[in-house]
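J.: The primary structure of each chain is shown beneath.
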Amino acid sequence: MWLQLLINTISLGSFYTLVALGFSIIFGVTHTFNLAHGELIVLSGYLAYGLTRFWETPFAFTLPLCMLAMTCLALGLLALFRRLREPYELSSLVFAFGLALVIQNLMLFFFTADYRRIPTSGPPIRLVAHTLITRNQLWLIGLSITATVCVSLMLRKTFLGKALRAVIQERETARLAGIRVEHMNRIAFAVGGALIGLAGPLLGQSAYLHPSGGMEATLIAVVITLFAGAGRIRGLLMGAWLLALLESGTTLWLGSNWRELVSAGILIALLIWKPEGLLARKKSAAEL
Amino acid sequence: MKKLGTKRIVFAILFALILVAGPAATRIDAAPISIGSINPLTGKLASHGREILLGIQAAVDEINAAGGLAGNRVVLHSRDDQSRPEVAVGQAEDLIVRRKVTALVGGYVDSLVGPLSQLALRHHIPYVASASLQTHLSREDNPYFFRISHLRGLSEPLCGFVTQALGARSAALFHAATPGATELAGELFRCLQEAGVTVTVVEKFRPGVPDFSPLVLKLKPSPPDVLIAATFFQDHLILARQIRELGVPIKAYIGPWGVSYPTFVQEMGKAAEDLFGLCAWKPGMALPGTEEASEAFTRWFREKYKREPTSTVMHGYTSARALLDAMARVVGAGKPLTGPEIARALRTTDLLLPMERVAFDAKGDPLYYRQTVVQIQNGALVPVYPAERAQGSWVYPMSLSIQP
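Chains as they are written, first to last, in the UniProt record's numbering: chain A, 1 to 288; chain B, 1 to 404.
These are computed hints drawn from the structure, not numbers from a lab.
Treat the hints loosely; a few may be bogus.
[Said to hold, decoys possible] Not the full set, but computed from the structure, chain B residues with beta-carbon under 7 Å of chain A:
#1 G43
#2 S47
#3 R50
#4 E183
#5 E245
#6 T263
#7 E267
Glycine included, every Cβ here is placed at the ideal spot set by N, Cα and C.
All chains, please: the whole structure from these sequences, using the hints.
T.: Encoded structure:
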């Protein structure tokens with residue numbers, strides 16, 4: 001039972017990571033509080049649903065197609081966000097809220113209010129004795145770790161990544177240092193869009209798709225980003241797994257009544273005592 | 001002379017036209033009767049809310065096609081409560097105060113229906129709810145609230161099926177943290193215990209959680225014979241799948257609501273096989289004595305709306321038919337179409353419809369509402385209990401070898 005719980009927890013945490021990755025990158029680099037993040041994930045899920053249902057596209061092929069489509073859409077949205085005036089953070093939040101409502105209603109019109117699900121890829125695999133892992137869990141864990149490692153390596157080992165990190169840390173100083181901040185914004189939206197495209201089909205397979213299901217995903221993304229700290233990619237994975245462990249453990253031992261209460265309590269405590277994120281270091285005086 | 005003759009002919013034609021068209025024009029322009037309907041058309045409950053509205057629309061279309069209410073066209077004013085109670089109240093106020101609707105009909109789940117029942121009392125406007133369960137919502141001191149469904153209509157057949165038909169020795173209860181689901185779980189808990197069934201686990205959860213695996217793991221050490229999951233469509237999509245994926249050897253999975261839908265079978269595929277649900281009506285399953293009417297409704301509905309009618313559609317249709325029938329009796333008796341008069345007429349309703357015989361008690365609760373247990377067999381919903389409504393026998397224990 002313990003091994004099964006661990007697998008389920010890692011799988012849930014991996015799902016949370018995928019949902020939060022795109023939000024964290026976009027928020028960290030561009031300071032855009034994209035409240036339509038969840039709706040974009042659901043939209044990507046519907047795209048994958050359409051591909052599998054009507055064109056009988058294998059699930060694996062829907063992933064790159066959705067990533068490409070959502071990258072293009074994210075870049076299109078950036079063009080709209082760039083038209084917003086100061087204070088940008090507040091304007092982007094209000095704009096994204098409106099955008100979320102528009103996307104929700106468009107999805108309701110085109111995909112109806114029926115709940116949809118992308119079929120799973122095959123029977124579960126028996127690991128040991130009574131412990132099973134489903135194909136969907138394998139996709140989630142594998143893709144989540146791969147995406148996290150790729151984004152983390154890009155941020156840490158490439159010149160582009162260093163420039164992105166510089167923008168995350170201090171936007172104006174990065175600009176003064178000659179970094180093309182607008183270009184970094186485009187890259188952040190492109191990467192974020194691709195990650196949104198990746199999360200959508202997995203949401204449709206592990207849970208369900210519904211036009212109003214986006215807010216749930218946005219909340220998860222915000223909570224995980226707060227847990228880890230904006231732009232802290234490895235911390236994101238750890239934070240997501242930790243949150244999943246808390247939720248699963250609470251449900252198992254205390255009952256499902258306590259699930260949200262414990263998570264919310266920890267989040268409030270975190271915001272009070274460690275607002276920079278659970279796994280983030282405090283900036284030293286020299287850094288400041 | 002010739003000119004005068006032409007003029008006379010023209011006047012005569014005009015006069016004749018007025019005579020012929022006059023009554024028709026009066027019929028069309030005679031003050032239409034407005035009724036209001038507030039349903040969740042967006043948000044989490046949108047799929048069910050839209051079905052309720054479609055059923056109500058079908059009843060209104062039907063009566064208008066038959067000449068309206070004593071020659072008066074019925075106009076349906078629909079509002080979206082966005083699956084939120086505070087919006088439902090705002091929309092109802094708008095319909096009552098601004099649109100001056102004569103009565104309200106519709107509503108899905110108690111959290112949305114409850115506030116409207118109080119509003120109906122305050123404005124003296126009759127309200128016939130389409131889908132409401134909670135016992136305390138109906139009260140003798142609210143003569144304006146009526147509903148066509150009730151908790152007993154689910155709990156009694158369900159408990160009878162588990163204890164008498166299946167002969168289960170143990171059961172687990174998972175339920176959504178909504179008023180109706182919580183009360184149903186409490187009622188079932190009491191009934192199962194009285195029948196000597198051991199209830200091993202009772203768990204309440206927020207509807208829409210993305211993962212049920214910790215709850216499913218709780219069942220693994222000592223699996224119950226039956227799992228009753230009193231929750232919504234979307235939760236069954238995850239929970240029923242995870243039960244199969246994690247190989248919990250339960251013998252029956254019962255979803256009192258949310259399971260017995262063609263769309264559920266379609267989305268779940270083979271993983272839906274052998275699951276039990278409850279259903280008040282479906283094409284081919286009507287109240288004895290209403291088979292022909294049910295068949296005619298199904299044909300007409302398919303043709304007009306190009307879709308399959310469901311149990312939820314029929315809840316909307318039945319509530320609207322009950323209201324329109326009462327209004328027709330008020331108009332037919334030459335009385336003014338006021339809230340108190342319609343409410344009085346509703347209390348004397350006795351109407352045989354495909355879903356139920358509609359009659360209300362002093363609290364506005366339905367006297368004859370009773371659901372049927374259905375099982376998904378080869379992709380079809382087969383009524384299996386009670387015996388008088390059964391069209392097949394049940395598969396028990398369910399097959400666990402089927403994987404999503």
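J.: Now tell me if each hint is right for this structure.
T.: Evaluation of the provided hints:
1. Interface hint status for G43 (chain B): upheld, as the beta-carbon distance to the closest one in chain A is roughly 5 Å, under 7 Å.
2. Taking 7 Å as the C-beta cut-off, the interface hint given for S47 (chain B) holds, the closest approach to chain A being about 4 Å.
3. Contact between R50 (chain B) and chain A, as hinted, is supported at the beta carbon level, the nearest pair being about 6 Å apart and thus within 7 Å.
4. At its closest, the beta carbon of E183 (chain B) sits 16 Å from a beta carbon of chain A; the interface hint therefore is violated under the 7 Å criterion.
5. For E245 (chain B), the interface hint holds, the least distance from its beta-carbon to any beta-carbon of chain A being 5 Å, beneath 7 Å.
6. A distance limit of 7 Å between C-beta atoms decides the matter here; for T263 (chain B) the minimum to chain A is near 5 Å, and the interface restraint holds.
7. At about 5 Å, the closest approach between the beta carbon of E267 (chain B) and any beta carbon in chain A falls short of 7 Å, and the interface hint on this residue holds.
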